[in-house]
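So the protein sequences, as listed, match chains A and B. Just so we're aligned, residue 1 is where the first sequence starts under our numbering, counting upward by one. Just so we're aligned, residue 1 is where the second sequence starts under our numbering, counting upward by one.
Just to be clear, a hint being listed does not mean it is correct.
Here are the computed distance ranges between Cβ atoms for each label pair [claimed, not checked]:
no.	chain 1	residue 1	chain 2	residue 2	range
1	B	Leu-309	A	Met-107	24 to 34 Å
2	B	Asn-74	A	Val-76	50 to 60 Å
3	B	Glu-139	A	Arg-88	19 to 29 Å
4	A	Met-264	B	Ser-410	31 to 41 Å
5	B	Ile-67	A	Gly-103	36 to 46 Å
Hint data in this document are derived by calculation from the structure and do not stem from the laboratory. Where is the CB? At the ideal position from N, CA and C, for every residue including glycine.
Each chain, letter by letter, is given below.
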Amino acid sequence: MPLDFYLNVIVSGILTGLIYGLAAMGLSVIFGVVRLVNFAHGEMMVLGMFGAVLLSQSFHLDPMLSAPLIALVLFVAGYGLQRGLLNRFIDRPDHQQFILLVGIAMMLVNGLLMGFGPDARAANVDYSFDSFAVGMLNLDKVRVYAAGTALLVAGLLFCFFRYSRIGTAIRACADNQLGAKVVGLDVPGLYAITFGLGAACVGVAGSLMSLVIDVRPQLAPEYTLLSFIIVIVGGLGSMGGALLGGVLIGVSEAVAGFVLLPSMKSMFSYGLLVLVLLLRPQGLLGKKG
Amino acid sequence: MSFNFTAPTRRQFLGTTAATAALGAFGAAPAFAQGAALKVGVLLPRSGILAQAGQACFRGAEIAAKILPAMGYNLEILSGDTESNVDQARARTEKLINDGAQVIIGAFDSGQTGAAAQVCEQRGIPLVANIAAAPQLTEQGYKTFFRNFPTSVDLVRNAFPLMKETFATSGKTPKTAILLHANDTFGMANKDAIEKLLPQANMPFTMLEPISYDPKAQDLSVEVAKAKATGAELVIVTTRAADAIMLVKEMVKQRWEPMGIVSPGSPGLYDAQFYKALGKYADFAITNLPWFNPTAELTKKVQAEFAKLYPNDAFDGYGFNIGCTLDAILVACDAFKRAGSAAPDALLAALRSTNLANHMMVGPAITFDAKGQNVNFSSAVVQNLKGRPTVVLPTSAAEAKPVWPMPGWSDAARG
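Looking at chain A on its own, in the form it has when it is part of the complex (with noise of 0.2 Å):
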């Protein structure tokens, strides 16, 4: 087969991983600043992803132009559920925190559900059905730009953590919750920023996402998980990993598809799961311990 083929669909599947990996960032953070896991993740990007075409079939708003907004509003829902309700169960047994989160997820989902009912709907862009041909390659318009926005964003919120002294609270935060309550920090506080931020990018993917896909509120649970695998993957807790965990899964999928069997293409998402939680079960960025 010609080479151009594969390299198209390796260059695919890097863009669709970058959004990937951005969602999966979202609950990266999220994660390993206040140490809950989030099963309501992929209620909140269906959530984006819903925002993001009722803006475009109401307004002709591009996805990418109401990707700010609806991180605007994502963050400020994530700061208020942590702030309002979370916080409180932070202490609590793990079993407790899961249960109420899927409780959060279902009541999202059913929302959804309820508001706008069952059927697929589209985020419609003048450049929807456009390619990039680039030499050998053909790139979707689509892909390319969502991908782009991907990789700004995650580079935004890199520097938050890295140069802003919020970040740097929230680091210490995670570092050492004790130490950081000892030195008078917000921890509180900035456990809901943190999950604001989470909530934002994952909402920020779904808006992006909802350029790729038909959305549909049952995609939910689908996008929970594959968030865990891409964050197993790239390590616990490390930004990074979550980019290059998106970037595998992404790439791994479309590869296998392409040489193997398309139908079988899931199934090499898991064996990389299996295959890193063997050889380096900290995930391919993550910190021992």
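Fit chain B to the given chain A structure using the hints.
Relative to chain A, chain B alone:
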């Protein structure tokens, strides 16, 4: 460059990851009453991946509840949502029967219909399938199962000559073809039927290795890339609405322009959602399948009721699903009327002796053979033209001439 937060235990994370697979939504089974009458349990995938088709079929039930009483049939519709899931189909069938359903209609999908058929057989309640093509459904020896829809084998058997007829209209014949199909019960049954019938059909093309995909797939770019790489001149598909949209979208993006896209009887290409999502790119796709009879008196009543109930929607994109569902309900009501009772034995006996000439889909009177199969179906070539499914063959029923090969994605013919 990366930095790490303190990572909590992996056991905590992994242990809970598995639970996400079990997440699901709980549906409801609303009912709307039409007075004391035959209680018809309409089992359809009204949510989940097949929701678009399930909802379209349910419109047939809603219209039936409006127009059949005026034709002397008393019925009450109970609704069960399979959530596009085989296990839920089984559970919802049980619930419908427990709620008093005296006959079950459904369930659009072969896998879900098979699950419902097992329950109906155990409970002795008749099931009239509206749409479900897997041949094995009528090969199980069930006494309570009736299918008013062709099997996959019949769909493909009818489709092959129509394909040749389509090619003959322009004299341009594809030399190679590839099948893209979902790997669910229906998709696999269709693939098996194609492989079984192809050697005898004397088709002018060579069939390449088929490409299967997960019916829940969100992205078919790899599948289309793989199919494009084969250089096939004809794309044969077995789809539903969502995957049909994804396939064509990817074909446009990847600039793959085969001579045509043909479905031997699967849904997707003629669904309203397909036109809404793809616009001009929806045109010229072809489906070979049984179709509603636009000249039938019943069809006119249905169209009038559809216009009242759904004024914003075009009937053509829903007509097939509505016609199949309405006819299945009509079969049950007709049996009830003749039996004069909803007792299972009486209803089953009446269903076996069905001979219903006045119905909505094209074809002679509905009758069932010893296996419960209506064998009197014929297919038409339905091509999407100017945003609506149009009968183009056979010539006797054609509303327009077929366009073959299909124009390229950027051709002016697409508007």
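TODO: Enumerate the violated hints, using their earlier numbering and listing them in ascending order.
DONE: 3
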